[in-house]
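**Student:** This is what each chain is made of:
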Amino acid sequence: MQQLTDLFPSPSIGPFGRRLRQPRGGRIPVTVVTGFLGAGKTTLVRNFLGRPEGYGTALVVNEFGEVGVDDALLRASTDETVLLGNGCVCCTTRSDLQVALRGLVADRERGIIPHFRRVLIETSGLADPGPVLQTFATDRALGGEFYLEVAVTVADAVNGADTLDWSAEARKQAILADRLIVTKIDIAEASALEKLTARLRELNPRAEIVTAVKGEADPALLTEAPAPSLGGVDNEGARGFLAEAAEAEHSDGIGSFVLRQKTPMAWATFARTMEVLTSLRGEDLLRVKGFLDVEGCRGPVLVQFVQHLADPPVELESWPGGTRETRLVFITRNLPEKAVRDLFAAVSAVSTA
Amino acid sequence: MSANDQSPLASGANESIEWNFKLIGHHELGGFGGMGEGMAVQVAPDGRRIIWLAHESAPKNFTGVDVSDPRNPKMVVQTALPHNNVRSNSLELTGNILAVAYQTKQHGQTPAGFELFDVSKPEEPKSISFFDCSGPKSRGVHQLWFADGEYVHMAAGAADFIPNNDLDDQCYRIIDVRNPSKPEEVGRWWLPGTRQGDNVPPPVRHQKPLPDMGFRAHNTNVYPQRPDRAYLGYLDGGMLILDISNKAQPQLISRWDHSPPYSGFTHTLVPFFNRNLLIMTDESTVDRAADWPKLVWVLDNRDETNPIPIATCPMPPVDTWGNRGGRFGAHNLHENTPSPHCWYSEDVIVGTFFNGGLRAYDLSNPYQPKEIAAFVPPAPPLSRAGAIQLNDLFIDERKIVYTVDRIIGGLYILEMGF
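Just so you know, the protein sequences line up as chains A and B, in that order.
Residue numbers for the first sequence follow numbering that gives the first Met the number 0, so the first one is 0 and each next one is one higher.
Residue numbers for the second sequence follow numbering that gives the first Met the number 0, so the first one is 0 and each next one is one higher.
Just so you know, the hints here were simulated from the structure itself, not pulled from any lab data.
The structure displayed is predicted, hence computed values, not measured ones.
Glycine is no exception: its CB is placed at the ideal position from the N, C-alpha and C atoms.
Fair warning: there could be bad hints in the mix.
So, partial list: chain B residues that the calculated Cβ filter (under 10 Å) puts toward chain A [unchecked claim]:
| hint | residue |
| --- | --- |
| 1 | Trp18 |
| 2 | Ile127 |
| 3 | Ala373 |
| 4 | Pro376 |
| 5 | Glu396 |
Can you make the complete structure from the sequences, with help from the hints?
**Tutor:** If you want it as structure tokens, here you go:
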């Protein structure tokens with residue numbers, strides 16, 4: 000069977016398309032902000048919109064009332080969309096997030112609303128962020144148009160630790176975040192802050208934890224993904240996945256682990272293993288994200304899964320930090336690291352036999 | 000009724016767009032910021048990086064801008080034309096030699112031809128020679144290509160070129176400039192039937208409502224990968240590939256003419272050699288998109304004797320963009336000009352679309368080009384178009400993008416973010 004690259008070959012295009020300078024390529028970056036009730040999500044978002052870096056943001060909320068759009072900022076509105084100052088637009092997900100996002104893209108294309116540069120989704124209260132992340136995890140839905148740049152969870156230092164104790168949704172928000180922003184540190188007891196930080200670190204050892212006071216935070220925290228952490232064990236030349244310190248399983252049966260491998264992997268091995276995993280245990284794969292060193296590819300191949308859905312893989316121009324190594328983060332429920340490792344090993348053995 | 004009229008959010012339509020391009024510099028060129036379609040980057044003997052820019056029309060001839068620091072562009076020289084009946088809308092550079100095209104308003108006027116300048120000292124361009132193309136039915140040179148330091152390929156009239164129709168007055172001419180002080184013509188090609196005395200009938204002219212724009216050469220690109228091929232846009236004649244292995248007698252290899260039903264003015268033809276593709280534009284030449292659609296076409300060129308159109312690059316909807324002011328539609332492309340100071344890309348197309356601004360397309364899948372970046376600045380102050388009219392672009396090997404406004408806005412300098 001002829002491939003596109005046979006008809007129209009290119010030294011700069013790999014099996015996953017044009018090699019990208021950054022993962023989102025030409026897609027619209029999306030920031031998802033979740034947070035505990037009263038943690039100060041809205042203050043953080045409003046502060047961001049008011050800064051020059053917030054220019055050209057399309058804000059998606061459940062209800063206008065929640066974000067408290069200032070009358071002075073309001074320029075024009077329809078039932079579902081309002082224009083804000085600063086080239087921003089705000090719309091509600093009254094019907095459905097996908098419908099709202101499609102509407103934004105169509106209106107942007109037609110010049111009806113400003114040509115926004117990013118989408119910021121503020122989820123309501125203690126929502127499970129899973130379904131929102133899932134929206135962007137497949138090209139069948141919106142993955143071809145949008146790219147989930149960063150998922151941020153806001154927790155307040157005063158009540159955060161207690162919230163984590165009683166709320167499974169809060170724990171899931173913390174576990175699935177790329178970045179955790181701790182607010183109200185100015186009015187919290189030092190011991191409460193310590194307790195919250197320790198609890199967050201335990202739940203999500205890989206996320207960046209930063210603090211904010213009265214919504215004042217570096218705008219980049221809402222627009223840029225944390226740099227992938229590097230380093231770790233050094234077993235140059237070893238075959239198969241390397242061992243990394245095992246992590247304890249949290250309450251709710253949710254745990255996370257990292258698979259690392261120094262040697263390139265056949266794409267078929269990865270794809271087939273993930274096919275088995277997603278078909279048998281899709282709902283327990285809360286999030287899988289990382290860089291793959293794929294045989295025949297120059298750059299790292301970025302892969303992302305949310306449950307049974309896969310974001311289209313993209314190849315980047317170069318390896319972050321110059322370190323060539325497969326590094327996959329799994330956040331799973333009742334699915335132990337060993338089972339995943341064994342499955343990769345088994346598929347690999349069968350594939351190469 | 001346009002979409003704008005229907006929406007209470009209509010004010011958004013006139014906001015500027017900076018999507019995956021970042022504006023880092025802007026120069027209004029001393030108030031003479033109506034720019035043509037000649038742009039070339041030189042690294043001068045003293046190490047400064049100069050971009051040479053052709054003007055859309057008189058009174059200015061060409062302008063050099065020091066873009067060593069693209070955030071702080073400095074105009075170093077701006078030259079004047081002898082009178083207002085001539086324009087120099089095209090230029091190219093090899094090494095330190097700048098070739099500038101002169102086209103007059105009327106047949107028989109002068110100067111009609113091209114001039115070579117030594118720009119080793121950018122502040123002091125020195126004329127080396129002038130090649131005269133004037134004649135009773137000639138307006139001189141509209142566009143030229145000068146990439147190998149040896150030959151100028153151009154769309155030009157000639158003293159002895161008498162067309163059957165006055166609109167067909169510029170053919171493809173090849174000029175040997177290996178001795179730059181004494182340029183000599185070595186070959187010529189024209190669409191059969193356009194010159195008086197041809198033994199075939201003249202081409203059928205475009206009938207109303209299509210505009211009759213003329214069967215004449217526009218871009219005449221030749222690349223080192225195939226020095227035996229010339230890639231021509233031939234306005235109402237469509238696109239052409241010529242065999243120029245014998246420059247004295249160019250031979251037609253293939254021609255794709257989509258008009259009618261399209262409205263001609265085929266402008267640029269860029270081959271992507273590795274990818275067996277051709278990228279072609281039709282220029283929009285009428286305000287308010289009256290000649291829509293003017294497109295960027297992708298052609299399958301696996302068999303150069305039979306190029307097949309397989310896609311066009313998506314443009315924003317004409318109902319909201321057509322009335323924004325001035326022209327809306329395709330024009331120039333980044334042409335992978337063979338120069339050490341030019342970015343080379345066969346997987347991304349970047350082009351200018353007048354009020355549609357500057358747009359970039361991912362060509363990973365040539366059947367489905369996908370827009371990945373756009374730059375549409377606000378209307379420049381005092382622009383009679385009332386909207387930006389981005390005319391041409393050049394991307395240097397540092398991936399810095401230069402683009403110019405056709406009316407008054409001057410030079411915009413951008414970084415690519417995709």
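**Student:** Determine which of the earlier numbered hints do not hold for this structure and return their numbers in increasing order.
**Tutor:** 2, 4 and 5
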